[in-house]
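**Q** Knowing the structure of chain V, use the given hints to seat chain C on it.
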Amino acid sequence: MKRGRISQQGIVFVIFAALFAAFAFLLPGFASTQNMLTLLQNVAVLGILGLGMAIVVIGRGVDLSLIATLAVPPGLVLQMVQDGHSFSGSLAAALLLTVAFGLINGWLIAYAEVPALFTTLATGLFLAGVGQALLFNLDVVQWSDGMAGFERLGQGTAFGVPMPIIVFALACVGVAILLRQTRIGAYIYAIGDNPYGARATGVPTRPIVVLQYVLAALIGCLAGLVMASSVNSMPTRIFNSTWIYDVILVVVLGGIGLSGGRGGVVNVVIGTLLIGTMLNGMTIMDMSYSAQNLVKGVVLLAAVIADSFLNPRNEETAQQGDI
Amino acid sequence: MSDNILELRKATKLYGGAPAIEDVDFELRRGEIHALVGENGAGKSTLTKVMAGVVELTSGEMFVDGREVEPKTPLEARHLGIAMVFQENSLVPTMTVAQNLFLGQEAYYNRLRGIYIAAQQFLQSLNFDVTPTATVGLLGAAKKQMVEIARAVLHQAKVIIFDEPTASLTPEEKKYFFDLVRDLKMRGVSIVFISHALEEALLLADRITVLRDGKHVVTDDARNFDRARIVQAMVGRDLSNTLYGKRKTLVRPAGERVLTVQNLKMAPMVKNNSLSVFAGQVTGVFGLVGAGRTETFKIVSGVLKRDFFHGGEILLRGRPVRYRVPAPGVHDGVAYVTEDRKVEGFFETMSIARNIYLGLLAKFPRGRFFLSRAEADSTGVDWVRKLNVRSIGGKAKVVELSGGNQQKVVIAKSLVQDPSLIIFDEPTRGVDVGAIVEIHELINQLADEGKAVVVISSYLPEIMALSDRILVSRQGKVVEEFSAREATEEKIMYAAIH
Chain V
162 MKRGRISQQG IVFVIFAALF AAFAFLLPGF ASTQNMLTLL QNVAVLGILG LGMAIVVIGR
222 GVDLSLIATL AVPPGLVLQM VQDGHSFSGS LAAALLLTVA FGLINGWLIA YAEVPALFTT
282 LATGLFLAGV GQALLFNLDV VQWSDGMAGF ERLGQGTAFG VPMPIIVFAL ACVGVAILLR
342 QTRIGAYIYA IGDNPYGARA TGVPTRPIVV LQYVLAALIG CLAGLVMASS VNSMPTRIFN
402 STWIYDVILV VVLGGIGLSG GRGGVVNVVI GTLLIGTMLN GMTIMDMSYS AQNLVKGVVL
462 LAAVIADSFL NPRNEETAQQ GDI
Chain C
4 MSDNILELRK ATKLYGGAPA IEDVDFELRR GEIHALVGEN GAGKSTLTKV MAGVVELTSG
64 EMFVDGREVE PKTPLEARHL GIAMVFQENS LVPTMTVAQN LFLGQEAYYN RLRGIYIAAQ
124 QFLQSLNFDV TPTATVGLLG AAKKQMVEIA RAVLHQAKVI IFDEPTASLT PEEKKYFFDL
184 VRDLKMRGVS IVFISHALEE ALLLADRITV LRDGKHVVTD DARNFDRARI VQAMVGRDLS
244 NTLYGKRKTL VRPAGERVLT VQNLKMAPMV KNNSLSVFAG QVTGVFGLVG AGRTETFKIV
304 SGVLKRDFFH GGEILLRGRP VRYRVPAPGV HDGVAYVTED RKVEGFFETM SIARNIYLGL
364 LAKFPRGRFF LSRAEADSTG VDWVRKLNVR SIGGKAKVVE LSGGNQQKVV IAKSLVQDPS
424 LIIFDEPTRG VDVGAIVEIH ELINQLADEG KAVVVISSYL PEIMALSDRI LVSRQGKVVE
484 EFSAREATEE KIMYAAIH
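So the sequences go chain by chain: V and C.
Residue 376 in this note's numbering sits at position 215 of the first sequence; the count goes up by one each step and never skips.
Residue 284 in this note's numbering sits at position 281 of the second sequence; the count goes up by one each step and never skips.
Think of the hints as simulated: they come from the structure by calculation, not from any bench.
Please note that a few of the clues may not be correct.
The following label-pair restraints were derived from C-beta to C-beta distances [stated by the list, open to error]:
#1 C/Glu493 x V/Glu274: 43 to 49 angstroms
#2 C/Leu318 x V/Val465: 50 to 56 angstroms
#3 V/Pro368 x C/Arg309: 17 to 23 angstroms
#4 C/Arg309 x V/Phe320: 55 to 61 angstroms
#5 C/Leu318 x V/Glu274: 26 to 32 angstroms
#6 C/Ser277 x V/Tyr406: 53 to 59 angstroms
#7 C/Thr134 x V/Val456: 56 to 62 angstroms
#8 V/Glu274 x C/Thr136: 31 to 37 angstroms
#9 V/Ala253 x C/Val292: 57 to 63 angstroms
#10 V/Leu180 x C/Arg325: 56 to 62 angstroms
#11 C/Val402 x V/Ala253: 43 to 49 angstroms
#12 C/Gln159 x V/Val456: 54 to 60 angstroms
Predicted model, so just to flag it, every value in this text is computed and none were measured.
Idealized CB from N, CA, C, for every residue including glycine.
In isolation and in its complexed conformation, chain V is listed as follows (with noise of 0.2 angstroms):
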């Protein structure tokens, strides 16, 4: 291994820098502040999904059912407050919603060892199918007024910045508190690095991989909470996009390695900007939604094949069933 090489952050920051520089100049409006603050609101919450993702790619696994503990648990609040439940009582039922959920992903993998893959998949369906079969009455859940004044976390400002950002700047201050400075951070990196030598080393595994799907789902339903404040509603059939992917976009752009022990917050930041811009710079183009997802799927492509050039998977520590 030499020094110095060129890190997949370094140049991803770079393809950022130079699209924001070339639509900065060519399309008239994206620079303006109004413009760059509707990008970054845009994007919070693909963000902040980035950083439940980032935690459980970092610990060698992966999360396919954020977007379910985006859509349900939050979706949850918002329809027991309109059957006329105090919003404290409802927001304490989805906050154990959510933990119950990321617990059954975590035992699973850990302890039953289902490859993390198939289980969010089919948990993810799973929480979905519940949430529209059994709780739900429409497929959008309408705000009430039972949620008066929690609109701010998604509408409101502070000093003149949207909350979603200003959300998604705390929960990237936690996250990174999380993993780089407490214990908990240096089991999950070491689990991600190599699982064997972490248990033998006396590293309690599995009770950290459980953790690290109850914060992923933690996170994901922060994310729902914004996402639902800031447009007056949760939309539950956004389970059935694509969004997932997007997440994926980020964290496997902004360099976290999926095979584990790499990468950290600044990753997650990089990527969402890049993909932020990407966005942006298409919607003012007017772009169609097929051509958008073409250019998603180059980028993700090109992404995922220099991930395997500059983070080669170790032949012997990689094993069947993990991604």
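**A** Just chain C now, kept in the frame of chain V:
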């Protein structure tokens, strides 16, 4: 036409600078059965892999029928008429016997019926009692081997190489296998086989070659050998080789009984194993590959996953323990230093200091929710100095170190946990000469400090140099125990070979 169907001259294969085989001359005569014997790591497997095209020679020449060849892949070797039957067999378990036989040489369009008929006729011509339509995965070890042999014959192999062919066979199956091999010989096929079972080599082979430390020791007709002469040739090292220090003269007395294992069972590697380990001395555990040494101690430390068929008792200072995962073992002062540091040892993306600090975090989590960089750095510096880890700069990642220094980091990661029972599994595998001496000094020092130390090794000189007590393991259990004073290499090897 030469007498030798296959010949190697001055064959040398280096792995990262270290020779696995060095200047080995080997001749296989037409229609003979030739046995290769030697300790673990003597170079038998490498030598046969060279012949089969699995491994390429670093230098040296190989001749088939007097013609110089350089097979680079198993397929090229097969075209030269050389086939290898691997220890781990290379059949596709979900396919039928017939499909496996014709795998890789199917016609563009195959009728299964056609294949079955051809396979049936072919197997009958060999007198093999295998059903062509049976699924390979459901067959026993002996039948799988038959399919492999049949495939080799089908490919018109002139030379068939067997790696430990009888290891997984029952006594009756072994007898049947011997008949098969003799039958192949009658058909003019030349056979090379690796064996740990000396009786088999003496019984079956026409000639025997003994390898030791990657070098050729002796080749002679089997009738000129007996068991004692082979064992002597296998272990009779150049005793002027002082790498492993002087033979032990002073034996440390046994302290408190730290570990007692009684009738430990876990299919298929550990069978009713019983042993004890005492404080203040080094207990050496010797055995050949497959003797269940590593598995036994991995169960003790909780590293090996338990299966459903385990039994027996483990007592740590008289208290029964049975760890499901290593974490509680680590807290009780048990440390297992792995034989495979890449897979179970270090964290490759992290610095030396961080690796060692993780050991500390895992054992003593109290009051350490927030990490302290100062503590990590001082712990790292401390242990790097204690174990003399050499690196370019303190921030070097562990993957960038040499094997010996990596091993020291893995050891430091365990020692920082202040264990009272330390299990070293092959502590000097893939380690450079200078570091071997340092690691051995460290192991002796730990025993002098009163720790219970276990050293598992397949390398006899290492066992002899370090151990106060020597346990010999064979087929899943400890079969004999020696004090270092009475042990000789011959006695130990004799006990280890079945």
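**Q** Next step is simple, just say for each hint if it's right about the structure.
**A** To see whether the hints hold, each was checked on the structure:
no., hint, verdict
1, C/Glu493 x V/Glu274: 43 to 49 angstroms, "46 angstroms, holds"
2, C/Leu318 x V/Val465: 50 to 56 angstroms, "51 angstroms, holds"
3, V/Pro368 x C/Arg309: 17 to 23 angstroms, "19 angstroms, holds"
4, C/Arg309 x V/Phe320: 55 to 61 angstroms, "57 angstroms, holds"
5, C/Leu318 x V/Glu274: 26 to 32 angstroms, "30 angstroms, holds"
6, C/Ser277 x V/Tyr406: 53 to 59 angstroms, "57 angstroms, holds"
7, C/Thr134 x V/Val456: 56 to 62 angstroms, "57 angstroms, holds"
8, V/Glu274 x C/Thr136: 31 to 37 angstroms, "35 angstroms, holds"
9, V/Ala253 x C/Val292: 57 to 63 angstroms, "58 angstroms, holds"
10, V/Leu180 x C/Arg325: 56 to 62 angstroms, "58 angstroms, holds"
11, C/Val402 x V/Ala253: 43 to 49 angstroms, "47 angstroms, holds"
12, C/Gln159 x V/Val456: 54 to 60 angstroms, "56 angstroms, holds"
This entry satisfies every hint, going by the numbered hints stated previously.
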